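A.B. asks: Next come the chains, spelled out residue by residue.
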Amino acid sequence: MSKGLDDALLQAHVRQDLSALVDLYTKAADVVEDLDAECFYLTHAYIFALDFGDARANALHVRLVHHGREA
Amino acid sequence: MPDLVSLNAVMQPVAVARGLPNDHYVSEETFQAEKAEVLFGNWAAIGFGRDLTPGEAMPIDFVGLPLVVVRGREGGMKVFQNTCRHRGMILVAEKKSVGGVIRCPYHSWCYALTGELVATPHVGGPGHNTHQDIKRDELGLVEIRSHIWRDVIFVNVSGTAPAFEDYAAEAIALWAEYEDKPLVAGENSTFQFDVACNWKLAVENYCESYHLPWVHPGLNSYSRLEDHYHIEEAGKFSGQGTLVYRPMISEDGRRFPDFEGLSPKWETGGEYIALYPNVLFGVHRDHAYAIILDPVAKDKTREHVSIYYANEAAATGADWAEMRAKNTKMWYDVFEEDLFVVEGMQKGRQGAAFDGGKFSPAMDGPTHCFHQWVASQFCPDAVAAE
Numbered sequence: 002m003s004k005g006l007d008d009a010l011l012q013a014h015v016r017q018d019l020s021a022l023v024d025l026y027t028k029a030a031d032v033v034e035d036l037d038a039e040c041f042y043l044t045h046a047y048i049f050a051l052d053f054g055d056a057r058a059n060a061l062h063v064r065l066v067h068h069g070r071e072a
Numbered sequence: 077m078p079d080l081v082s083l084n085a086v087m088q089p090v091a092v093a094r095g096l097p098n099d100h101y102v103s104e105e106t107f108q109a110e111k112a113e114v115l116f117g118n119w120a121a122i123g124f125g126r127d128l129t130p131g132e133a134m135p136i137d138f139v140g141l142p143l144v145v146v147r148g149r150e151g152g153m154k155v156f157q158n159t160c161r162h163r164g165m166i167l168v169a170e171k172k173s174v175g176g177v178i179r180c181p182y183h184s185w186c187y188a189l190t191g192e193l194v195a196t197p198h199v200g201g202p203g204h205n206t207h208q209d210i211k212r213d214e215l216g217l218v219e220i221r222s223h224i225w226r227d228v229i230f231v232n233v234s235g236t237a238p239a240f241e242d243y244a245a246e247a248i249a250l251w252a253e254y255e256d257k258p259l260v261a262g263e264n265s266t267f268q269f270d271v272a273c274n275w276k277l278a279v280e281n282y283c284e285s286y287h288l289p290w291v292h293p294g295l296n297s298y299s300r301l302e303d304h305y306h307i308e309e310a311g312k313f314s315g316q317g318t319l320v321y322r323p324m325i326s327e328d329g330r331r332f333p334d335f336e337g338l339s340p341k342w343e344t345g346g347e348y349i350a351l352y353p354n355v356l357f358g359v360h361r362d363h364a365y366a367i368i369l370d371p372v373a374k375d376k377t378r379e380h381v382s383i384y385y386a387n388e389a390a391a392t393g394a395d396w397a398e399m400r401a402k403n404t405k406m407w408y409d410v411f412e413e414d415l416f417v418v419e420g421m422q423k424g425r426q427g428a429a430f431d432g433g434k435f436s437p438a439m440d441g442p443t444h445c446f447h448q449w450v451a452s453q454f455c456p457d458a459v460a461a462e
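Chain order of the listed sequences is W and Y. Quick note: the first sequence uses this note's numbering, first residue 2, plus one each step. Quick note: the second sequence uses this note's numbering, first residue 77, plus one each step.
These are computed hints drawn from the structure, not numbers from a lab. Keep in mind that the hints are not guaranteed to be accurate.
Stated by the list, open to error - DEER-style ranges, computed between Cβ atoms:
hint: 1; chain 1: Y; residue 1: V199; chain 2: W; residue 2: H14; range: 49 to 59 Å
hint: 2; chain 1: W; residue 1: H14; chain 2: Y; residue 2: A249; range: 28 to 38 Å
hint: 3; chain 1: Y; residue 1: V199; chain 2: W; residue 2: A60; range: 47 to 57 Å
hint: 4; chain 1: W; residue 1: S20; chain 2: Y; residue 2: G148; range: 41 to 51 Å
hint: 5; chain 1: W; residue 1: H14; chain 2: Y; residue 2: G151; range: 31 to 41 Å
hint: 6; chain 1: Y; residue 1: R221; chain 2: W; residue 2: S20; range: 31 to 41 Å
hint: 7; chain 1: W; residue 1: A56; chain 2: Y; residue 2: E214; range: 22 to 32 Å
hint: 8; chain 1: Y; residue 1: Y182; chain 2: W; residue 2: S20; range: 21 to 31 Å
hint: 9; chain 1: W; residue 1: A56; chain 2: Y; residue 2: S234; range: 47 to 57 Å
hint: 10; chain 1: Y; residue 1: G148; chain 2: W; residue 2: K4; range: 51 to 61 Å
hint: 11; chain 1: Y; residue 1: G235; chain 2: W; residue 2: K4; range: 40 to 50 Å
As the list claims (entries may be wrong) - To be clear about the criterion: a stretch of chain Y counts as covered by chain W if any three or more of its residues have a C-beta under 8 Å from a C-beta of chain W, and this derived list gives those stretches:
hint: 12; stretch: 202-215
hint: 13; stretch: 431-444
Keep in mind it's a predicted model, so treat the numbers as computed, not measured. Glycine included, each C-beta is placed from N, C-alpha and C at the ideal position.
Make a model of the complete structure from these sequences and hints.
C.D. replies: Right, here's the structure in full:
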């Protein structure tokens, strides 16, 4: 993960900006090559989307199920 | 354990009975016993429906039991134990609007507003959100039996009480005329008192009219003692009624709209009952109220008062704001007048020689009715002597 993305994530956590966290964790998942790392970030994006009631939760759920990481 | 010999004296007819012994007011052990038998074993009041809009969750500490009340998107209400099924973390620390799910702040296990466990992040290792031994359908939030009546949220923690409609059938029948009427929460019509007394003393004082001329001389100027009658339903509720209720009239001659379709009884009638264990209700032709007694400790009670009107205009309209404020102030002043007596009775029960007290057979029937009910919770086979 780039330092810029890492910093943005930390700032979004401080602001408790759930929408930004969904976006940034999804970006983090998209730039890593390791499947476990991708699913780690996808999981965070998915949980914050659920918490926020964000429709992006559906697509994130599909990705996790596709990788066998979610029911 | 409460003293069963003393409780047997409570179960006697009012003319010869004694009141509940001191330990029901000053003993931590008896307070804990009452918590289990009286408060958790019956339908107890914990909050008002008015306090939650759809999608909101509100934590309530009920005698140490952490609860969360959730109003679903469609308006239905549920009560859960406010405890994550994973590590026992408190889920909702303060009232909030729930965006999508209730997420535990510790490891982010997520629950739907209906209580189902819907997500368990990393539960099978990093990035693995399932595990064969984590069965989500067995790990939903623990639901507590709940029911709403007259905007009061009731819970039966033990799960053993009859259905609320049966438990409160006589009270519902008493005020059947009001059952199908709108009950609209008044704006700026709530207040609280923190009182240094056991919760039962607030019930007992509310039940009887005996004290009115002494403690509420203002009320007595038009509603004399002889204008009141006892309301007693053994094992259920008790209280008092008045025959001379007069609606408040504004300086320009207006009065709050009535609940529609009431019988002539209510033109000058008002009734006030304690539905056991811990909620006090009042009804009149033009407004009603509920008082929830939160038993904070053996000698501390928080009284939550909420006033209701017959329609939206009266409850929230700007035209009625001044009248509502006046009505709220009137009830605040009346209930405040009661505080020194309930706190005084609490202090009086530090006197070890007090034997529970001698009832007036003519005037204390409703209070004795409540004492008998409390006593019967500890000796369920006892039959109240007539």
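A.B. asks: Next step is simple, just say for each hint if it's right about the structure.
C.D. replies: Now for the hints, and whether the structure bears them out:
About 21 Å separates the C-beta atoms of V199 (chain Y) and H14 (chain W), a value inconsistent with the hinted range of 49 to 59 Å. A C-beta distance of roughly 56 Å is found between H14 (chain W) and A249 (chain Y), which places it outside the suggested range of 28 to 38 Å. Checked against the given bound of 47 to 57 Å, the beta carbons of V199 (chain Y) and A60 (chain W), roughly 22 Å apart, lie outside it. As the Cβ distance of S20 (chain W) to G148 (chain Y) is approximately 23 Å, the hint placing it in 41 to 51 Å is violated.
Taking the beta carbon of each, H14 (chain W) and G151 (chain Y) are about 33 Å apart, inside 31 to 41 Å as hinted. Taken as a hint, the range 31 to 41 Å holds for the pair R221 (chain Y) and S20 (chain W), whose Cβ atoms sit roughly 37 Å apart. Our hint of 22 to 32 Å for A56 (chain W) and E214 (chain Y) holds, since their Cβ atoms are close to 29 Å apart. Against the hinted window of 21 to 31 Å, the Cβ-Cβ separation of Y182 (chain Y) and S20 (chain W) comes to about 22 Å, which satisfies the hint.
The given range of 47 to 57 Å is broken by A56 (chain W) and S234 (chain Y), whose C-beta atoms sit roughly 41 Å from each other. G148 (chain Y) and K4 (chain W) have their C-beta atoms about 43 Å apart, which leaves the hinted 51 to 61 Å range violated. The beta-carbon spacing between G235 (chain Y) and K4 (chain W), approximately 55 Å, falls outside the hinted interval of 40 to 50 Å. Here's how the stretch 202-215 of chain Y fares: 6 of its residues keep a CB closer than 8 Å to some CB of chain W, so the rule of at least three is met and the hint holds.
For a cut-off of 8 Å, the count of residues in the stretch 431-444 of chain Y with a CB near a CB of chain W stands at 0, and the three-residue condition is violated.
Violated hints, in rising order: 1, 2, 3, 4, 9, 10, 11 and 13; the structure is consistent with all others.
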